[in-house]
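Engineer: Chain by chain, the residues:
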Amino acid sequence: MKVTFPHMGNTYICAKALMDDFGIDYVIPPFNSKKTLEIGTKYAPELACLPLKINIGNFVQAHRQGADTMIITGGCGPCRFGYYSEMNREILKDIGCELDVIALEWPDQGLPEFLRRVKKLTGGLNVVKISRVLKDVTQIAKMMDDFERLSFRVRPREVHKGDTDRIYKAFLNKVLKTAGSSEIKKLIRDATSELLSIDMDRDFVPLKVGIVGEIYTTIDPFTNNNIASKLGNMGIEVDRQVTVSGWIIEHIIKNALHLPRDLRYAEAARPYLGTMIGGHAQETLGHTVLYAKEGYDGVIQVYPLTCMPEIVAESILPAVERDYDISVLTLIIDEMTGEAGYDTRIEAFVDLLKRRRERKNVGEATVLFGN
Amino acid sequence: MPKTVGIPRGLFFYEYYPLWKRFFEELGAQVILSEPTSKQILDAGVKSCVDEACLPLKVFHGHVLNLVGKVDYLFIPRLTSVSKNEYICPKIGGLPDMIKHTLQGLPRIIDTEINLRKSSSNAYKAAYEIGMNFSSNSTEIRKAYKKALQSHEAHKEKLKSGILPDEIFSKKSARIHPKKELTLDIAVIGHAYNLFDSYVSMEMLAKLRKNNINIHTIDMVDESDINQMHKALRKRMFWNFGRRAVGSALHFLGREGMDGVIYVMSFGCGVDSFVCDMVERRIRQNSDIPFIVLTLDEHSGEAGMDTRLEAFIDMIRWRKLNESNIPAYG
Ligand code: SF4
Ligand code: SF4
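Quick note, the sequences are listed as chains A and B, same order.
Just so it is clear: in the first sequence, position 254 is 254 by my numbering, and no numbers are missing.
Just so it is clear: in the second sequence, position 99 is 99 by my numbering, and no numbers are missing.
In short, the hints are calculated from the structure, not lab data.
Ideal placement from N, C-alpha and C gives every residue a C-beta, glycine not left out.
Some hints here could point you the wrong way.
Claimed, not checked - Distance ranges between label pairs, derived from CB positions:
1. B/F267 to A/P271: 50 to 58 angstroms
2. B/G257 to A/I130: 50 to 58 angstroms
3. B/Y199 to A/I130: 52 to 60 angstroms
Said to hold, decoys possible - In silico BS3-like cross-links for lysine-lysine, where the CA-CA straight-line distance does not exceed 27 angstroms:
4. B/K84 to B/K70
5. B/K118 to A/K120
6. A/K161 to A/K2
7. B/K125 to A/K120
8. B/K125 to B/K171
9. A/K119 to B/K320
10. B/K125 to A/K93
11. B/K231 to A/K119
12. B/K231 to A/K93
13. A/K42 to B/K143
14. B/K235 to A/K2
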């Protein structure tokens, strides 16, 4: 059995740690690229959402490198993601790309079926080992998210432009050459200290922008044209609350153990969206409200064309914009998205935020003098 | 003066109007329906929605605007689920919020959540909450709900027998009994709010009938048949429409004498993008029945649609003619 899995930003690092630790034979699909998307666009339904298209591309490319089994997560609605496993299976079968599917989701048949799948993957049901590996992988997910968050803060403040990106890229290259969670953890720790030792302009007060939207396109730098690093290099501090570890911890672990979840965003979203409708619509609206309250300068919503929950969120966002006086830019991604037009829109938005901040400063100054 | 409740003629209107109407009327309210979909209604809806919204949502917004100023209440329930373990669509779940935050000058909105995913007894709870707007007498509300359910059952029976919602609501049975030798049997799969809104579907059903075609829709298939066929999928579809669409499409495939399948899809519909693809794959894998996908959006031209429809029908007739000309002993 040679296992593969779909890409989404840095999740492959967690997947790699997991499989190294279990001693599973695997192929990491080539990183998301135009080619991946091209393959996906060719075989997936035209109006499918972008993450599915990229999944298909990943699997076809991994299959060419010898993978024979795919791992995929899922769910049971209400959004399309819950049916990704079957769509992947059917599409790949029809194009003669035979891959066995291990769907790591709660099956209709219940626990025995779930255990069968885990056993198939890990080669046994050693509870002690499984829980240790899961703990390590969750830790890695958290460390990766912290590392990323740190890069969001360092990038706008770096004195030598490009330092952050250089360290980040070097780290990504090294990860591929390590094996096992303890080595990966060490690597993350090293890269973190490297980031911290960059020359920074500590007095600089950057504009702050929150990134919200559909999870795949906000997390995956290929699909969002590197939005986080792009903004950072324009001197903007970004933040993103929807993360891989957040997803693992809040949705999977806490849900399974019935632990109280951090639902501040849902509370904040309530006046705008009364209920969970699937995807991350509630997060999008709730985090926008919270960002506004925390004094952020703007919010960027990113989502793939035809994404159902985000279309609902997009329709309601103007109300949040109005009520909290925060600027929101919506970027919709599809296979036709050209980088040039995309960059222009981001630049125009940043200009707008700059002008707004100046006006505010002048406004405050006037008030001061008026007194 | 009775209180007036406005019901937009869109989305679940086609399936639930008799239930809703009876319920409100039993409680002494007067029901006011928006006008049939027209260019004005669609244009108003398109203007008030984000571009990315699907056509049915835009149409619905138009109907809401059509009722503004005419009613005391607007009935826009939050439809999360109408069946056990199933959902409808994220957009429909968020619809009342979209409406409230995008349209201005709205009357009071009744947006009680209807969520039968965990238990169907939630239906009465929702009805009770809705009824409280018009009566404080719980027996009265229960009675009204019972009667409403009767109307709903009667409506479902009619749909099942092949009467279209238009004919049911206008009380004129326009069923033409086509001449035997020329008839074709074609299954038309799609959301009720696309098929049965004759403006949106550009009179597709009427055109098919004029062409001596017996139309078969999802509503005409037994739930048990749908569920049986739906088992062909390895993982059940968790959208109510998805299960019914796939189940009935496969059921039609196995039915003697079915001449073709038309899938009517809304442009930008997330649910359709998967369901239609699944249906198409299964059909192509298992049969050589003629199959066509017609996509509706606010820009689709009637002429183009007619041409494709006619070509499809001609092809089927031609095929049929040739098949029956092959001598049995050949
Ligand atoms: S949230 Fe959006 S991108 Fe994700 S499955 Fe749903 S529609 Fe697709
Ligand atoms: S099911 Fe499709 S057509 Fe209906 S509201 Fe949802 S996305 Fe729109």
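Engineer: Each hint: holds or not?
Structural biologist: Going through the hints against the structure:
1. B/F267 to A/P271: 50 to 58 angstroms: 32 angstroms, violated
2. B/G257 to A/I130: 50 to 58 angstroms: The hinted range 50 to 58 angstroms holds for B/G257 and A/I130, with Cβ atoms some 55 angstroms apart.
3. B/Y199 to A/I130: 52 to 60 angstroms: 57 angstroms, holds
4. B/K84 to B/K70: The hint is violated at about 36 angstroms.
5. B/K118 to A/K120: Since the Cα atoms of B/K118 and A/K120 sit roughly 32 angstroms apart, the hinted pair is violated (cutoff 27 angstroms).
6. A/K161 to A/K2: Judged against 27 angstroms, a Cα distance of about 41 angstroms means the pair is violated.
7. B/K125 to A/K120: Cα-Cα ~44 angstroms, so violated.
8. B/K125 to B/K171: Roughly 32 angstroms between the alpha carbons, so the hint for B/K125 and B/K171 is violated.
9. A/K119 to B/K320: Violated, at roughly 53 angstroms.
10. B/K125 to A/K93: Violated, at about 45 angstroms.
11. B/K231 to A/K119: 26 angstroms, holds
12. B/K231 to A/K93: Since the Cα atoms of B/K231 and A/K93 sit roughly 19 angstroms apart, the hinted pair holds (cutoff 27 angstroms).
13. A/K42 to B/K143: Roughly 56 angstroms between the alpha carbons, so the hint for A/K42 and B/K143 is violated.
14. B/K235 to A/K2: 24 angstroms, holds
Hints 1, 4, 5, 6, 7, 8, 9, 10, 13 from the list above are not met by this structure, while the remaining hints are.
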